[in-house]
Structure formats: C-alpha cells, structure tokens
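S.K.: Residue-level listing of the chains:
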Amino acid sequence: MTIQEKQKEVIEEFSMFDDWMQRYEYMIELGKSLPLIDEKYKIDENLIKGCQSKVWVHAELEGDKLVFTADSDAIITKGIVAILIRVFSNQHPSEIIEADTAFIDEIGLKEHLSPTRANGLVSMIKQLKMYAVAYQTQLN
Amino acid sequence: MRHQTQAKTFEVEKIRKDFPILNRKVNGYPLVYFDNAATSQTPQQVIDVIVDYYSNYNANIHRGVHSLSQEATDKYEQARIKLQKHFNAEKPYEIIFTSGTTHGINLVASGFSEFLKEGDEILVSAMEHHSNIVPWQMLCERTGAILKVIPINLKGELIYSEYEKLINENTKLVFVNHVSNALGSVNPIKEIIEKAHANNAAVLIDGAQAAPHIKADVQALDVDFYVASAHKMCGPTGVGILYGKEAWLEKLPPYQGGGEMIATVSFEKTTYAGLPHKFEAGTPNICGGIAFGAAIDYMNQIGFDEIAAYEHELLEYATGKLKEIEGMKIYGEAEEKTAVISFNIEGLHPYDIGTLLDKMGIAVRTGHHCAQPVMDFFKIPGTVRASFSFYNSHDEIDSFIEAVKKAKMMLQ
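Residue numbers (full-length UniProt numbering), protein chains in the order written: chain A, 1 to 140; chain B, 1 to 412.
A partial selection of chain A residues facing chain B, derived with a Cβ cut-off under 8 angstroms: (1) I28; (2) A74; (3) I75; (4) T77.
For the record, the hints were derived by calculation from the structure and aren't laboratory data.
Where is the CB? At the ideal position from N, CA and C, for every residue including glycine.
All chains, please: the whole structure from these sequences, using the hints.
M.R.: Written out as structure tokens, the structure reads:
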C-alpha cells in the first residue's frame, strides 16, 4: 500500500467516530496496544525532545524500504505515533520525503501538530523525513 | 454546605460579569480557566482603558508640547503613583516600569555585575522559575561569583535553617520568589530579608506569583528590590514593575541606553537622567502602564483581603475534592500557599490529562512549569497545574473535578 492509500484508510477509520471522545478513546487504545519499539532503542540518542512528552524514534532499512519504530511516554502522543508509524513505515525513502501530513487534520487531530503544543510530534515528523533523506542518499 | 458564608459575601457572579472572556466556549464546552498562574484574564474596566487610550489620547510621553502628549504623560505618571501606593513605596520614582518580571530581574542582575567580585556569593531558592536562575548564572559567569541554592523540603517549603547556614559575609545578594509558581508555596520573605540585611546582603524578591493574591508592603518588608508583572494581575502583557529603594536605584548603572534615559548627550560625555527615567530608555509601553494602573484599581476595589480569603476557600474546596480521586498526588503542600494545585495521577502522564481536560473546555497548565529543578526534586517529568483566581467559582471546580475523573477513566 502507498502512503496515500494508508492515509485514506486511516481517514476512513476515523470517520466512523461521531465525537472527540470516541476518537481519543481509539487513540488511547492504539497507544496502549501496540508494541512500537524495541526497548534497546529507547535511548537518549533516539529521543526527540518535545517540551512535555518524550518521543523515541528508530529507523532502519529493510531492502529499499525504511522501517520506523517509535514510542512515547504519554499515551495520547503514543497513539498518534502509532498512526504515523502505520502510515510512514515500510515505505521507500523518496515516498516518505514527499508525503504530506494533511491527513492528521482530516482525522481531527490537527491540534497535536501545532508547534505550540510542544509534544514532540512536529519534531518527530521532521525526524522521520530526515531519516528518509539520509537513507535515500545511502540507496543512491 | 459547600457554598459557605464567605462565598455569599464574595459576589463572584457579579465579578464574573466583568470578564467577557468567561462567556466563551472552548471545544463546545463553557471555558473553565484555571491557568491563572500563567496569565490572568482582563476585566472590561481594564479593556475600556486600553480602548480609551488608543481612541482618545495616544501620544508619546515626557517630551511633547502638545495636549495629547501631556494627557498621556499625566495618565502614565498617575499609574506610577497608583503602583507606588499599592506597593507602599516611599517615592513614586522608586517604581520603574519594565516589560515584566523577567526584565526587572535582568536589570538588577546586570547592574550587580559592577558590585560583585570573584568569590562573592548569590543565594537563590530551589523553587525558582527558570527566568530566576538563568540571569544569576550569567551574572556569576561574568563576575566569578558563586551561585548557591537554598533547598526545599517535601512539602515544597524553603528550608529556613539551611538558608541560615548558607548565608555568610560573602553573600552579596539573596533572591527568592515570594510565591512559587510551580507549587504555590508562600515564602517567609520578611525573615529572609531581615537575615540577609544582618549579613549586609541585598534582597530581590520575585513577586510575580504573589502580587495577584498578596498586597506586598515594600517598606514594611524593608526589601531592596521587588518585581511583578501586570498580566498576572488583570492587566495587559508586556508591562511590569521593578521597585527599588532609592539608594539602590541611584547606585545601579543604567541597563539600556536610549532616548528618555539621558539628561545631556554629546559625543564626549552623556549624563543620565534621574530616577525613574534612568531605567526607562526608549518609548515605554504607555498604554500598558496606564492599564496596569487600572488593573490595580480594579483589584483594590474588590479588596486583596477578600480576594485572598475567597481564593483560599476555592483552594481548600478543590484540594479536598481532588484528594478523593484514587491515585491522586498533590505536589506542594506548604502550610501557607496560594490557590495553586500541582498534581499527578498515578500511572498517568500529565500531558495526557491536560490534553483531555482541554477537550472538555478546561484550561490548565501541564509540564515542568519552567521550574525543572523543582520537578527533578520530586523526580517527576511534570505536573498538571490548576491555578485559581477570584473570578473562578465552585461550580467551575465541580466541572473540573468531573473532567479529571473522566480523563482518568479514559486513560486507565
């Protein structure tokens, strides 16, 4: 599946919810249920410093696809991290570089990507793209 | 039962009508604003003064020959007198208008670099806001002075006996907040000042968190410097005051050069203007200063004793209700504290709680509150902080408690 197809899938999933509470309950569920990262990668070098919640990201190349694993100490942030991983992981670096994050707005979570939010997500997306740029060079 | 006599005499419903912002909805819920320690809301009486200034007499001050300039100057200087009276300074020119508390602290810290030498010591408390730590670290780097920290106990109180041990003949300056922003603890500043003076050390008190709740009398306290911000006491952002004893202000060098702060200028020699202008370089926040005066009038009309009593009642009520929630841990249980509650719920991240409260229209602060050393002391990443003002109500606390319970249920 392409990034766009995955984004469409997430948007469809979220369209089933009527209100914010159902959306957040779903995200909390995602945050709780997914094993997102190997504990050995939860090290300071992989830490993206948001002001309030910590986010760890690890990237490695499998063939020509970039695989991300990540985690956060805050559960709602972790839920969004899970969505981002689902959309961006296992894709070719060039696809990741070009992808936009407008779908976050469409699923009603726009506020989490506001830079004032200081939850590390904006930095996380930047980091995902930087990994993609780095590995793209490696693939070339 | 809960609406006791105090609440009846304190006409909160009438007061709430003065604050237009309290009518708005956030995320579909009526706004419950419990982030007053970050900034307070503005009553219509103060908004009117701001509108009146820009509608009728906006002009530069202290220099114009024309009527508007004269009117603006008069109003600005009247505001200074209001602040002088409020803080009971001896002279109006002991009140310096600043852009806020941080500016006032930096002004003093910068000036003190002329008085310090290697080996001198500065004492600060362990419960300071970042803005209160960094200027002193910078001052120490410039002068070779040493920064020493007065520790706090588990209730979030300054350990006075440790302060007594730390202070000595090398101590040149003591700096503590009147009230802690992260914990709400009220510090025994009168004793701290007396002890410092007995050791010939000067004292700067950060009144940012205290000024909205406690009327400080700078002469009775005998404090050398006291700083506060308008935006925490119903005034606008971008304006505050530095009170300094005349002798100290005369001694301190100017902080910034520019217009307004000079007497004569030539390329050979510039002589500085007298107080307060020596420290008020450039065009000040004229409207802000005037509105600050109006905010002080507004709060005094309600009465600081009445405000403190009512807020204390809100604090007790909310603390009692929060403690009924399982897993609740409150940080900062000083004997004397202002209406601030910093808390966590076992197993939950403060950011998650804050996010869900916001979805329910409740504004609180989450995080380390720019007081990381305090968070390190309690070994936590941060807290949720609810801070109350005199325009908050018991009903709002009820909504808040319900929302905290709901957030807890969703997150567990």
